[in-house]
Amino acid sequence: MTKLLNRPLKAFTIYSLIILIISIPVYVLVVDRIWVEELDENNWLTLEHTKKRLKAKAFTRKDIEKINQIWGELQPGVSIIKSNDKEKFKDSVYEVIRPNSYDLDDGEDRFRGLKSYLNINGEPYEITIETNVEEADQTLIAIALVTLCFFLLLIIGFILLNRKIAINSWKPFYKTLQSLKLFDITKDTSIKLVKTDIQEFQELNYSLEKLVKNNSNAYQQQKLFIENASHELQTPIALLKSKLDLLIQEKEVTPKIAEIINNIEIPLSRLSRINKNLLILAKVENRQYNELESLHVDHFINTSFLLLSDYINSKNITVTQNIKNTIEVQANYFLLETLINNLLSNAIRHTLVDGEIKIKLENNTLFISNSGKTALHKEQLFERFSSLSQEKSSSGLGLAIIKEIVNKYKWSINYHYQNGFHTFYIQF
Amino acid sequence: MKILIIEDEIELAKDIMNYLSSEQYLCEWVTNYNNAIEKIFTHEYDCILLDLMLPGGNGISILETLKQQRKQEGVIIISAKNSLEDKIKGLKLGADDYLAKPFHQAELAARIESLIRRKQFDSNNIITQKELSIDIHSKTVTVNNQLVNLTKKEFDLLLFFIGNKNKVLSKSTLAEHLSGDFADMFDNHDFVYAHVKNLKRKLKESNCNDYLKTIYGTGYKWEQ
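Sequence order for the protein chains is A and B. No gaps in the numbering here: position 425 of the first sequence is 425 in UniProt numbering, and each next residue is one more. No gaps in the numbering here: position 50 of the second sequence is 50 in UniProt numbering, and each next residue is one more.
Quick caveat, the hints were computed from the structure, so don't treat them as lab data. Model, not experiment: these values are computed from the prediction. Check before you lean on any hint, since a few could be wrong.
For lysine-lysine, the following PhoX-like pairs were computed, each having C-alpha atoms within a straight-line distance of at most 25 angstroms [unchecked claim]:
no. : chain 1 : residue 1 : chain 2 : residue 2
1   : A       : 408       : B       : 87
2   : A       : 256       : B       : 171
3   : B       : 153       : A       : 315
4   : A       : 90        : A       : 51
5   : A       : 256       : B       : 213
6   : A       : 410       : A       : 378
7   : A       : 243       : B       : 14
8   : B       : 213       : A       : 251
9   : B       : 2         : A       : 243
10  : A       : 256       : B       : 221
11  : B       : 152       : A       : 315
12  : B       : 171       : A       : 243
13  : B       : 221       : A       : 243
14  : B       : 197       : A       : 251
15  : A       : 315       : B       : 200
Given the sequences, and given the hints that come with them, work out the whole structure.
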């Protein structure tokens, strides 16, 4: 993953590198061409000038030989020699690389020459003029070095500019990002994003605020819907229950009918429990149960234990309690009661006959373990209706409620399976 | 004894009246706030069953009215709103008990019985049925003046049966009475058998008549 800002930086760097690399041969060609043209022109001018003077002075053959000798000594590569050919040739330009007698460290040098012919006293002469030219490879090195310097300057500039742009222009974006990270639909109803003068970010913020508002509304409505729906269901469930109570009083109730009634009561109880739990869940989510009290966790364990003792005994479960210290928490009475009751009844329900339950309270952690054969899937454990067991009386909401209560008070709940024991532990 | 049922759910109100009618109770029934207020001003009741969500007004304000009028009626709130705030608010305003819907008729009958008894015999709180005598206050049971040693749950069951004389009580009703909200978390209510069996045995050993009948496949019935 790269940061957005580093992506164009990388691209710009690579692009400028390519362009600069391409520019090097181009520069070399251009410079060399200018060089050569300029020298050719210079050679030509010198030649014309020399020709004119040679013609005007009407030198003798001997004079010219002497001139050639002196000239050649003064400026190597320049010569005027008698041509054997009588025909008049065209001027010709040549380039030669040979050692330079003056420049010993440089090894070989490149020379640009111009060869021409002229008649002096009716005799043909060949005249040559040479000038030292900078070699192309040296030009290349020089240009490459300069280009590299500029490239480094460019990169440093890019990085600095990028950083400056990042700090200034992208600041609102990072602020928005931070707000979004902190946003929690279960807690916040709206999101406040910092105003910015950059149009795109302002549009982004506006769209985000709108999106969050719509989603939050939908979420609130859904929560309210669950609460209202379960409220509405209470009455028909209550009616069913009271009708069954009356039905069982009838004199004509045979054992067979009684069994049917009983079989209606069981799913009805389950329906009633699911509904009650949905209501509790909705209410915790809708942030009801807000009164806080100072409560002792061990007290709730004892009460819950007494209430459930019948179920513990009927399954012949061994319970070991290891309460090392008391934990005092600030919580809602009903919610803490629900939390402990759900945990304990959960453990009882999922323990087989003759099983074992261990309750441990140590420091600020409550451990409730029960014997079981296989580990549960951690991921789905606290999801609603993710019933992992075949237990029919389960509402599928017990652990979801536990999780919700734990979240409400920012406690933590975890599960692990070890040595044949399922353990749920809550850190208060 | 006169009972006023303030409940807008007609069927539920009828069921309550049905269940209670065979007892010594005389039930009256209103479905809205205004009629309830009217009844309260013009009549005296032993017990009022009050639903909180009523057409025309909130049940809580009926409680407030009762308090202002310094009425002595016992009030049991029967509400679908099983919220703690309402419960506390109701009890603070002078309601005697709170029963969340859905409830068993037997549970309601037992609560009414217990409420009326508390209101009527403050000092001498003893229920007698021939040789059997139950002291609510000291939680003791005697048969022919001989003390019967009952556990807390057996005592609770006995009172529950007395509060629902001649009614058939199913195992799940008894389980719910004994373990409240927990009962419907479990499929197995067999522990009820054990408690009833022990209660029957203890009463029989004390030479008490066999008032507690087992109705095959259905549940139990206290006969008087």
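Now the hints, each set against the structure:
{"no.": "1", "hint": "A:408 with B:87", "result": "holds, 22 angstroms"}
{"no.": "2", "hint": "A:256 with B:171", "result": "holds, 16 angstroms"}
{"no.": "3", "hint": "B:153 with A:315", "result": "holds, 18 angstroms"}
{"no.": "4", "hint": "A:90 with A:51", "result": "holds, 14 angstroms"}
{"no.": "5", "hint": "A:256 with B:213", "result": "holds, 18 angstroms"}
{"no.": "6", "hint": "A:410 with A:378", "result": "holds, 19 angstroms"}
{"no.": "7", "hint": "A:243 with B:14", "result": "holds, 10 angstroms"}
{"no.": "8", "hint": "B:213 with A:251", "result": "holds, 14 angstroms"}
{"no.": "9", "hint": "B:2 with A:243", "result": "holds, 23 angstroms"}
{"no.": "10", "hint": "A:256 with B:221", "result": "holds, 18 angstroms"}
{"no.": "11", "hint": "B:152 with A:315", "result": "holds, 21 angstroms"}
{"no.": "12", "hint": "B:171 with A:243", "result": "holds, 16 angstroms"}
{"no.": "13", "hint": "B:221 with A:243", "result": "holds, 18 angstroms"}
{"no.": "14", "hint": "B:197 with A:251", "result": "holds, 24 angstroms"}
{"no.": "15", "hint": "A:315 with B:200", "result": "holds, 23 angstroms"}
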